[in-house]
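Participant: Dock chain S against chain G, hints included.
Heads up: the sequence lines are chains G and S, in that order.
Counting from 1, one number per residue, gives the positions in the first sequence under the working numbering.
Counting from 1001, one number per residue, gives the positions in the second sequence under the working numbering.
Please keep in mind that the hints were generated in silico from the structure rather than gathered at the bench.
Using N, Cα and C, we set each Cβ at its ideal position, and we do this for glycine too.
It is possible that part of the hints are untrue.
[Claimed, not checked] Which bits of chain S does chain G cover? Going by a derived footprint, with three or more residues having C-beta under 8 Å, they are: (1) 1050-1062; (2) 1094-1104; (3) 1107-1113.
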Amino acid sequence: MAETSLRKRQARVYLKIARRQLGMAEALLEKGFYEGAVFHCYHAFEAACSAGIADKSEKVSLRHRAKFNQFRRLYPTLPFATEFANLLAELYPKRERALYADIEYGEVTDPTLEYEAGDARQILVRTKGLVAQIGDLLES
Amino acid sequence: MKQERRILSAKAPGPDLDMPAKEPVLSKVEGRMPEQDDQALQEGQRALDTAITRLKERYNGGILSVVLFGSFARGKRDYDDIDLLIVTANSLASVHDMTRKLAEEVFGPLFWEYGALFSPLVYDESQFDRLRDFLPLFREIKNEGILLYGRDIFAETPG
Chain G
1 MAETSLRKRQ
11 ARVYLKIARR
21 QLGMAEALLE
31 KGFYEGAVFH
41 CYHAFEAACS
51 AGIADKSEKV
61 SLRHRAKFNQ
71 FRRLYPTLPF
81 ATEFANLLAE
91 LYPKRERALY
101 ADIEYGEVTD
111 PTLEYEAGDA
121 RQILVRTKGL
131 VAQIGDLLES
Chain S
1001 MKQERRILSA
1011 KAPGPDLDMP
1021 AKEPVLSKVE
1031 GRMPEQDDQA
1041 LQEGQRALDT
1051 AITRLKERYN
1061 GGILSVVLFG
1071 SFARGKRDYD
1081 DIDLLIVTAN
1091 SLASVHDMTR
1101 KLAEEVFGPL
1111 FWEYGALFSP
1121 LVYDESQFDR
1131 LRDFLPLFRE
1141 IKNEGILLYG
1151 RDIFAETPG
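If we strip away everything but chain G, and leave its shape as in the complex, we get (with noise of 0.2 Å):
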């Protein structure tokens, strides 16, 4: 019981923690740091999936694919699977896009330019719908 109530209150520190990351996102797209916007985003899309782990009273576990899978199998039934499964398909490989500058044959690459406006608020738009759903879907 009382393990119960700590994932419970993991849950929705988890939940906080995803609204935080929607806060950074939306901040960093206002100040035209798209590509910081995406990594935030998909950092919030990551926190919403733990508290939905979370909520069920697991373990979260670290490794990606082992998280996305555990979450996927506790809501097998998902009303959102589609739009979470798109939006974690677009996000992980955008996840980290924006971090490295390497140096080759003289150039140096500058993956900042990786994003537009665009392309970085639909991402938001959409992120932020989901993990909207999974906090409905565990405050109900």
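Facilitator: Relative to chain G, chain S alone:
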């Protein structure tokens, strides 16, 4: 129990096979994929097989090359995701639009079906030609990549 190497069946002629034969650079699937004793690798392989089939069905002619690289290509059992380099025809869509389309039409559904996470790196042909000698990751892919579909893009001289 050893799983048949189903990826072999996914290797199919891509577009532009009329091009003159060039010295191959990328490894072919044969001899490179590890024996699939591990359940996680088998699941990943099934997902990959389906991914290639769907890519061929949906974007026939639009996708020039698909190359597998990263930890899954090296047969690591604790792989997190399946890394793919996808080079598209220039006219297909912007890279971001293409990444989104691929997520919605191929890789998203595959997560819900198989639990497989894909990390596709999508470039159109002109971007790839411009960046091929500058991105260190491309050097890694050139050395370790496994051509799953289409042309051996590393064997070609940029136009």
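Participant: Work down the list of hints and note, for each, if the structure agrees.
Facilitator: Evaluation of the provided hints:
Counting residues of the segment 1050-1062 of chain S whose beta carbon lies closer than 8 Å to any beta carbon of chain G gives 0, which falls below the threshold of three, so the coverage claim is violated. Counting residues of the segment 1094-1104 of chain S whose CB lies closer than 8 Å to any CB of chain G gives 6, so the stated coverage by that chain holds, three being the minimum. Interface restraint, the segment 1107-1113 of chain S with chain G: holds (6 residues with C-beta to C-beta distance below 8 Å; minimum three).
Hint 1 from the earlier list is the only one contradicted by this structure; the remaining hints agree with it.
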